[in-house]
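Participant: Residue-level listing of the chains:
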Amino acid sequence: MPLSRDEIMDKVRQALVDALGVDEDEVIPTARIGADLGAESIDYLDIVFRLEKAFNIKIPRGDLFPDGVLTTEEFVQQGTFTPRGLEELKTRMPYADLGALLKDPKVQNLADVFTVDMIVRFVEARLSGAEAPAPSKPA
Amino acid sequence: MKFFLVDRILELEPPKRIVAVKNVSLAEEYLADHFPAYPVLPGVMMVEALVQTAAWLVRASTDFEKNLILLKEAQNVRYGTFVKPGMQLVMEVTALEIGPDASRFKATGRCEGQVALQAKLTLQHLNVADADPYGGAEADALLRPFWRERFRLVGGPAALAAAAGREGT
Chain W
1391 MPLSRDEIMD KVRQALVDAL GVDEDEVIPT ARIGADLGAE SIDYLDIVFR LEKAFNIKIP
1451 RGDLFPDGVL TTEEFVQQGT FTPRGLEELK TRMPYADLGA LLKDPKVQNL ADVFTVDMIV
1511 RFVEARLSGA EAPAPSKPA
Chain X
14 MKFFLVDRIL ELEPPKRIVA VKNVSLAEEY LADHFPAYPV LPGVMMVEAL VQTAAWLVRA
74 STDFEKNLIL LKEAQNVRYG TFVKPGMQLV MEVTALEIGP DASRFKATGR CEGQVALQAK
134 LTLQHLNVAD ADPYGGAEAD ALLRPFWRER FRLVGGPAAL AAAAGREGT
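If you're matching them up, the sequences are chains W and X in order.
Each residue of the first sequence is one higher than the one before, counting from 1391 in our numbering.
Each residue of the second sequence is one higher than the one before, counting from 14 in our numbering.
Chain W with its partners taken away, still in its complex shape (with noise of 0.2 angstroms):
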């Protein structure tokens, strides 16, 4: 039987809750888990573990918090994300609010798409099926 949003998101706020060890009232679905949770790079390889428990689903490095958008200059300059790496970012992540971003393309606001409710859709997506975006690979 098909997990219920509810139930996707009880076993996302306890994946964050015990990887960043936060309280279970402050997971709430804008909640940002980096500017929010405290979470910073290494916790985001927690939370891709224990989600891979949680859901029995296998994720991908890069799959969720797509850092291969960090490793080359035709994504990135001077701390702000080209149009290419933008266009990346849109296929790498369907299920993410990049609006603000686009506004403002600066790497440093990459971590605040990162939501709970983000995660939730994410979890929902792969639950369902859906197929995982190719990389697009570096000129």
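Since the hints were derived computationally from the structure, they do not count as laboratory data.
Since we're looking at a predicted model, the values are computed, not measured.
Among the hints, erroneous ones may be present.
Okay, the calculated beta carbon distance ranges per label pair [stated by the list, open to error]:
(1) W/1498 / X/163: 43 to 53 angstroms
(2) W/1393 / X/159: 54 to 64 angstroms
(3) X/24 / W/1518: 36 to 46 angstroms
(4) W/1499 / X/43: 19 to 29 angstroms
(5) W/1393 / X/21: 45 to 55 angstroms
(6) W/1404 / X/133: 21 to 31 angstroms
(7) W/1493 / X/42: 33 to 43 angstroms
(8) X/119 / W/1498: 18 to 28 angstroms
The list that follows gives simulated cross-link-like pairs (lysine-lysine, BS3-like), each with its CA atoms no further than 25 angstroms apart [what the hints assert, rightly or not]:
(9) X/119 / X/85
(10) W/1493 / W/1480
(11) X/97 / W/1496
(12) X/119 / X/133
(13) X/97 / X/133
(14) W/1493 / X/85
Derived, one-sided and incomplete: chain X residues facing chain W with beta-carbon distance under 7 angstroms [to be verified]:
(15) 56
(16) 57
(17) 91
Just so you know, even glycine gets a beta-carbon here, dropped at the ideal spot from N, CA and C.
Given chain W, put chain X in place with the hints provided.
Facilitator: Chain X alone, transformed into the frame defined by chain W:
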């Protein structure tokens, strides 16, 4: 690679307070992966830098009594701005309590006037002999002068003298 993350102690008022700095350099190996097109000091290294700053305050306040000063718990860690190569992380640590075996601190790291991170830290202190009654004493005999020399390298005695000088005025 040895992770000595405190480059210099600027202010030192044992047992209350310490201010130290860590300069971030493109030459730090972990930046190559974090991230290739956007190198920034990893958050865990920022926490470790605060821990090492607090550890200096412990050493200065306890006359280098314990050779191993380790992070026991980090709480309420909150990150702010990124720290990039060419920038300096200024770490200010205030002691809430320094005991013989443990200590607690409030710590803030700032970069160019903005808060890069804040944390509450609990450290534990021990000598190698406490953990290893057989080989420990030998290790401790080597470590104690090592930490005193390191203290000199990072400007500890000078910071103490400056504080004493200010007190006198």
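Participant: Now tell me, hint by hint, if it's right for this structure.
Facilitator: Evaluation of the provided hints:
no. : hint                               : in the structure
1   : W/1498 / X/163: 43 to 53 angstroms : violated, 34 angstroms
2   : W/1393 / X/159: 54 to 64 angstroms : holds, 55 angstroms
3   : X/24 / W/1518: 36 to 46 angstroms  : violated, 57 angstroms
4   : W/1499 / X/43: 19 to 29 angstroms  : holds, 23 angstroms
5   : W/1393 / X/21: 45 to 55 angstroms  : holds, 53 angstroms
6   : W/1404 / X/133: 21 to 31 angstroms : holds, 24 angstroms
7   : W/1493 / X/42: 33 to 43 angstroms  : holds, 35 angstroms
8   : X/119 / W/1498: 18 to 28 angstroms : holds, 25 angstroms
9   : X/119 / X/85                       : holds, 14 angstroms
10  : W/1493 / W/1480                    : holds, 14 angstroms
11  : X/97 / W/1496                      : holds, 14 angstroms
12  : X/119 / X/133                      : holds, 5 angstroms
13  : X/97 / X/133                       : holds, 23 angstroms
14  : W/1493 / X/85                      : violated, 42 angstroms
15  : 56                                 : holds, 3 angstroms
16  : 57                                 : holds, 5 angstroms
17  : 91                                 : holds, 5 angstroms
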